[in-house]
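Undergrad: If you want the building blocks of each chain, they are given just below.
2 protein chains.
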Amino acid sequence: MAGKRLVYLALGGAGEVGMNMYLYGYGAPGKERFIMVDAGVTFPDMDGSPGVDLIFPDIEWIAERRDQLEAIFITHAHEDHVGAIGHLYSQLQAPVYARKFTAHIARMKIEEHGYSGEEIRTVGAMPEQAEAGPFKVGFMPISHSIPESSALIIDTPEGRVVHSGDFKIDETPGLGEPFDREAWGDLGPVRALICDSTNVFSFHPGRSEAEVGPNIRKIVEEATGMVVATTFASNIARVKTLAEAGIAAGRSVVLLGRAMRRMITAGVETGVINDFPKVVTAEDAQDIPRGNLMLLATGSQGERRAATAQLSRGKYQGLSLKEGDLFLFSSKTIPGNEVSVGRIENALSEMGVDVIDDKLADIHVSGHANRPDLQEMHALVKPQILVPNHGEHRMLREHAKLGEQAGIASVVAQNGTMVSLSGNRPEVVEFIETGRTYLDGTTQIGALDGIVRDRIRMALNGMAVIGVLIDEEDEPLLDAWCDLRGLPELGRSHTDLAELIEHEVGQFLGRADGKTIMDDDKLEDAIRRIVRNTAMDEIGKKPEVSVLISRLAA
Amino acid sequence: MAGKRLVYLALGGAGEVGMNMYLYGYGAPGKERFIMVDAGVTFPDMDGSPGVDLIFPDIEWIAERRDQLEAIFITHAHEDHVGAIGHLYSQLQAPVYARKFTAHIARMKIEEHGYSGEEIRTVGAMPEQAEAGPFKVGFMPISHSIPESSALIIDTPEGRVVHSGDFKIDETPGLGEPFDREAWGDLGPVRALICDSTNVFSFHPGRSEAEVGPNIRKIVEEATGMVVATTFASNIARVKTLAEAGIAAGRSVVLLGRAMRRMITAGVETGVINDFPKVVTAEDAQDIPRGNLMLLATGSQGERRAATAQLSRGKYQGLSLKEGDLFLFSSKTIPGNEVSVGRIENALSEMGVDVIDDKLADIHVSGHANRPDLQEMHALVKPQILVPNHGEHRMLREHAKLGEQAGIASVVAQNGTMVSLSGNRPEVVEFIETGRTYLDGTTQIGALDGIVRDRIRMALNGMAVIGVLIDEEDEPLLDAWCDLRGLPELGRSHTDLAELIEHEVGQFLGRADGKTIMDDDKLEDAIRRIVRNTAMDEIGKKPEVSVLISRLAA
Numbered sequence: 001m002a003g004k005r006l007v008y009l010a011l012g013g014a015g016e017v018g019m020n021m022y023l024y025g026y027g028a029p030g031k032e033r034f035i036m037v038d039a040g041v042t043f044p045d046m047d048g049s050p051g052v053d054l055i056f057p058d059i060e061w062i063a064e065r066r067d068q069l070e071a072i073f074i075t076h077a078h079e080d081h082v083g084a085i086g087h088l089y090s091q092l093q094a095p096v097y098a099r100k101f102t103a104h105i106a107r108m109k110i111e112e113h114g115y116s117g118e119e120i121r122t123v124g125a126m127p128e129q130a131e132a133g134p135f136k137v138g139f140m141p142i143s144h145s146i147p148e149s150s151a152l153i154i155d156t157p158e159g160r161v162v163h164s165g166d167f168k169i170d171e172t173p174g175l176g177e178p179f180d181r182e183a184w185g186d187l188g189p190v191r192a193l194i195c196d197s198t199n200v201f202s203f204h205p206g207r208s209e210a211e212v213g214p215n216i217r218k219i220v221e222e223a224t225g226m227v228v229a230t231t232f233a234s235n236i237a238r239v240k241t242l243a244e245a246g247i248a249a250g251r252s253v254v255l256l257g258r259a260m261r262r263m264i265t266a267g268v269e270t271g272v273i274n275d276f277p278k279v280v281t282a283e284d285a286q287d288i289p290r291g292n293l294m295l296l297a298t299g300s301q302g303e304r305r306a307a308t309a310q311l312s313r314g315k316y317q318g319l320s321l322k323e324g325d326l327f328l329f330s331s332k333t334i335p336g337n338e339v340s341v342g343r344i345e346n347a348l349s350e351m352g353v354d355v356i357d358d359k360l361a362d363i364h365v366s367g368h369a370n371r372p373d374l375q376e377m378h379a380l381v382k383p384q385i386l387v388p389n390h391g392e393h394r395m396l397r398e399h400a401k402l403g404e405q406a407g408i409a410s411v412v413a414q415n416g417t418m419v420s421l422s423g424n425r426p427e428v429v430e431f432i433e434t435g436r437t438y439l440d441g442t443t444q445i446g447a448l449d450g451i452v453r454d455r456i457r458m459a460l461n462g463m464a465v466i467g468v469l470i471d472e473e474d475e476p477l478l479d480a481w482c483d484l485r486g487l488p489e490l491g492r493s494h495t496d497l498a499e500l501i502e503h504e505v506g507q508f509l510g511r512a513d514g515k516t517i518m519d520d521d522k523l524e525d526a527i528r529r530i531v532r533n534t535a536m537d538e539i540g541k542k543p544e545v546s547v548l549i550s551r552l553a554a
Numbered sequence: 001m002a003g004k005r006l007v008y009l010a011l012g013g014a015g016e017v018g019m020n021m022y023l024y025g026y027g028a029p030g031k032e033r034f035i036m037v038d039a040g041v042t043f044p045d046m047d048g049s050p051g052v053d054l055i056f057p058d059i060e061w062i063a064e065r066r067d068q069l070e071a072i073f074i075t076h077a078h079e080d081h082v083g084a085i086g087h088l089y090s091q092l093q094a095p096v097y098a099r100k101f102t103a104h105i106a107r108m109k110i111e112e113h114g115y116s117g118e119e120i121r122t123v124g125a126m127p128e129q130a131e132a133g134p135f136k137v138g139f140m141p142i143s144h145s146i147p148e149s150s151a152l153i154i155d156t157p158e159g160r161v162v163h164s165g166d167f168k169i170d171e172t173p174g175l176g177e178p179f180d181r182e183a184w185g186d187l188g189p190v191r192a193l194i195c196d197s198t199n200v201f202s203f204h205p206g207r208s209e210a211e212v213g214p215n216i217r218k219i220v221e222e223a224t225g226m227v228v229a230t231t232f233a234s235n236i237a238r239v240k241t242l243a244e245a246g247i248a249a250g251r252s253v254v255l256l257g258r259a260m261r262r263m264i265t266a267g268v269e270t271g272v273i274n275d276f277p278k279v280v281t282a283e284d285a286q287d288i289p290r291g292n293l294m295l296l297a298t299g300s301q302g303e304r305r306a307a308t309a310q311l312s313r314g315k316y317q318g319l320s321l322k323e324g325d326l327f328l329f330s331s332k333t334i335p336g337n338e339v340s341v342g343r344i345e346n347a348l349s350e351m352g353v354d355v356i357d358d359k360l361a362d363i364h365v366s367g368h369a370n371r372p373d374l375q376e377m378h379a380l381v382k383p384q385i386l387v388p389n390h391g392e393h394r395m396l397r398e399h400a401k402l403g404e405q406a407g408i409a410s411v412v413a414q415n416g417t418m419v420s421l422s423g424n425r426p427e428v429v430e431f432i433e434t435g436r437t438y439l440d441g442t443t444q445i446g447a448l449d450g451i452v453r454d455r456i457r458m459a460l461n462g463m464a465v466i467g468v469l470i471d472e473e474d475e476p477l478l479d480a481w482c483d484l485r486g487l488p489e490l491g492r493s494h495t496d497l498a499e500l501i502e503h504e505v506g507q508f509l510g511r512a513d514g515k516t517i518m519d520d521d522k523l524e525d526a527i528r529r530i531v532r533n534t535a536m537d538e539i540g541k542k543p544e545v546s547v548l549i550s551r552l553a554a
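If you're matching them up, the sequences are chains A and U in order. FYI, the numbering for the first sequence is 1 to 554, going by the numbering used here. FYI, the numbering for the second sequence is 1 to 554, going by the numbering used here.
Note that these hints are calculated values from the structure, not bench results. Hints are supplied without guarantee of correctness; some may be wrong.
Each pair may be met inside one copy or between any two copies, as identical chains are not told apart.
[Unchecked claim] Cross-link-like lysine-lysine pairs, in silico, DSBU-like; alpha carbons within 30 Å at most: (1) LYS401 / LYS322; (2) LYS401 / LYS218; (3) LYS315 / LYS218; (4) LYS382 / LYS515; (5) LYS136 / LYS359; (6) LYS240 / LYS359; (7) LYS542 / LYS315; (8) LYS401 / LYS315; (9) LYS401 / LYS382; (10) LYS136 / LYS515; (11) LYS315 / LYS359; (12) LYS382 / LYS136; (13) LYS322 / LYS278; (14) LYS100 / LYS240; (15) LYS332 / LYS542; (16) LYS332 / LYS401.
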């Protein structure tokens, strides 16, 4: 086996929260056989990716080595672990392994992209293993905020690697398998633990899903008007807890939002829930007194088109809120979404609706391991090597520090850092170029292609379009024509800015020499400069400029 | 005095955190004499106001009644209370009253706009009073996170009104006047309390500025590399605490960033600090071992151009961070700034710099009254009427509930809601149209003018510019010309999208009837539709379209 090595490489998720995608490889350098773990997305925002629909890892590196890719394993069905599988499948086309519920979700995604659901292979939990080249991979149940989450136990020629996936230590998770300390302490020698880092800065031990139920029940029982609750639809345990609280208070339960109905259906179809309370339709709900209703709505992160946001703006499927109703955010606001969620909370407040969120009452617990839980995981698994994954750089770094403090050889490896796990210590062996791919409408574009950068520039600076017509003798014909977008009409001199620009460009064309007029690039540069300087004088901004030069044939 | 009334009207700050501007009026309806309290700004963001430089209240209503405006009073020198005074002064031109430090800052602002600093009148604390029409206004010292913060005690023909301004209850504020419970309990009968609401959802009693000093000193003492700390420059007490911690640890202190130097200078010049530690320049700092340096930097909210962000990207004034250095965020991240601040924390982490923020250590306290402090304030002042101000709607509503629970007649009055304070209960008497004005470059534009909306649309949808030339016989001349901005070059059919659009528009012009070709509006509509449909087919997006039609004279 001389020269062969076991490597780890993150393509996404290491250096950010979300967009998880990891590779494990075994073989001689350049000849490794790979497996992929997870194919997740992250979400765009106005700051960095306006108009973008979805973001996933740039997979060029592994796509170029597709013949070296044995299989893809999906740890659980959260979008940041499975959301890209459909979009990227044409470039990967390796068999996909997942447990039943996750496979169900993954199957819908690749079918939407025209692939057969048979590409997704359902596997059971450990001790079942899937073979993929030099790897044998088992799905080890682990508690998280979605059913059937799994760590991967990856047996390699160099020993056992444990990929935690997203997890928490919860012995009473409400739904699905409790965290099994004994099994985790019983994995035998572990060469490397690759471990979730998102909550490393949360200092208290994680709390169990079971803790929120009684609080939610109490609040719902005391409510008199309609109660609406929002949480992540995929957190089926929570959705069930909320629904049961409604039933216990004598309320009829309504599921609002496509994701909410889809997840519950998936849960029922795959058998991960078999006792979800009976629900009524939004239509039927209109005949039920509001004090007897409990609505469960999508959109806990303030998503504009989700049920929660629509309710805050007025009606959703014939249902609307009013004074005396109660709205529960049984969720955490993800950093970056504070303003959208706040906007909804204020809109509800304006209607006279009382809002209770996780800051006002104990109605949410995180699905991730906090610092003491991570330390417990290290102690249970006793790995020789720790590679923190899933987290921003500062989280990976803090987690690696924890590992080192516990005497575990640890490394901070961001996306693109290939680490050899073959030695006693992790060793950085290569840097791979990685990045982000944007789904923009129906097109996939590179984050650094400049397309979105141009959109951001238009948003910041506004846009001036200017057209000129040059005749057969290289003389300007007609007046220049200017259209402004996203710019004030009047500036310092109180004249119409577009007209002023037309005038300035006209003056320039009148005095410009033939060499400039004849040369498209020179002419465009000169006109752009005039437009920008005129705007700067008038309105203190330099807009983006598009110059259209039309020439009559000589 | 029949028919006269005392009214309150928020033009900004009631329904948001920031942008404070309030009016008090006394007189017959429509004939009131007014005073304004504060003239603050709020800050733009990419989501709602890309490219905007600053946001202030739309003051059209009071500007139209400028002859009824007696004076402007500024409670303290935070930007969300004084930041608009320069920008709006030309439309207000009433005398401005403030205490010394605040007046100093306000003076700089109106001088920058070409007005004489003499428009700003410095007044002392109570018992001094300024007369303004029917009002007598005294500045009552109150603790907050900037020197010389004041509540206003407004004596009116209908009795005493207390405008709290931003405040906390702090008997050991580090700098400036401690909160004086006795004085606050001794105001006599108070008709109405208009009271800060920002922290109504913070349930624990507020903590004193004095509490953070020892924690900061300990952290700085234990540090070995360079220490950098950031906080709001205007929080001079905190800046002083940080500087003193540096000195105590044998470090030379450097102030980085214009605001930091400007605030300290203002503090020294106006005598609000007289014992600020000696500082060295950034240039001198380069000859000092990094273990002996303490830098105090602007930019605690992640502002891109501030010293903190620049340090996180590399150098600032010749100084740079490296592994083993320590960075303190002695501040709270304002909602909406989490992503920018996180980006900086991660960049520092990548350099190997340890970051400590208010979540990791007790190195920050809020400058605002928490819920129990608000309740104490109600109990001390014993007003007949409570009008919560400065806060989002849900904060105002919650604060009003607290008031009602304490038996005080309370009202939720957002921006534009005029409330009469003359009766036993507050009474909404009128709704005034209010809004926001954007400073965009050097121009003031209305938030609803559509200018920024167009910029947002370009950011979301991209932009297509298309030019056509129509000859004297209403026949298309030359090919159509298309320029795309912020859009993918290739779509579904793998042909150049701009060329495809040119082709489609050309085809259309070839078959269009004369009536369409001759009519600018019809032609433009038709071309826009073709561009949008072609783009939708190809890339799944409908761009914004600018159509330039040039016609050769008949």
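Undergrad: For each hint, tell me whether it holds in the structure or not.
TA: Outcome of the hint check:
no. : hint            : verdict
1   : LYS401 / LYS322 : between (51 Å within a copy, 17 Å between copies)
2   : LYS401 / LYS218 : between (41 Å within a copy, 22 Å between copies)
3   : LYS315 / LYS218 : within (27 Å within a copy, 55 Å between copies)
4   : LYS382 / LYS515 : neither (75 Å within a copy, 81 Å between copies)
5   : LYS136 / LYS359 : neither (44 Å within a copy, 42 Å between copies)
6   : LYS240 / LYS359 : within (22 Å within a copy, 32 Å between copies)
7   : LYS542 / LYS315 : between (42 Å within a copy, 27 Å between copies)
8   : LYS401 / LYS315 : between (50 Å within a copy, 27 Å between copies)
9   : LYS401 / LYS382 : within (16 Å within a copy, 54 Å between copies)
10  : LYS136 / LYS515 : neither (70 Å within a copy, 72 Å between copies)
11  : LYS315 / LYS359 : within (27 Å within a copy, 39 Å between copies)
12  : LYS382 / LYS136 : within (20 Å within a copy, 73 Å between copies)
13  : LYS322 / LYS278 : within (25 Å within a copy, 59 Å between copies)
14  : LYS100 / LYS240 : within (19 Å within a copy, 60 Å between copies)
15  : LYS332 / LYS542 : neither (41 Å within a copy, 34 Å between copies)
16  : LYS332 / LYS401 : both (27 Å within a copy, 25 Å between copies)
Going down the numbered hints, you'll see the structure goes against 4, 5, 10, 15, while the others check out.
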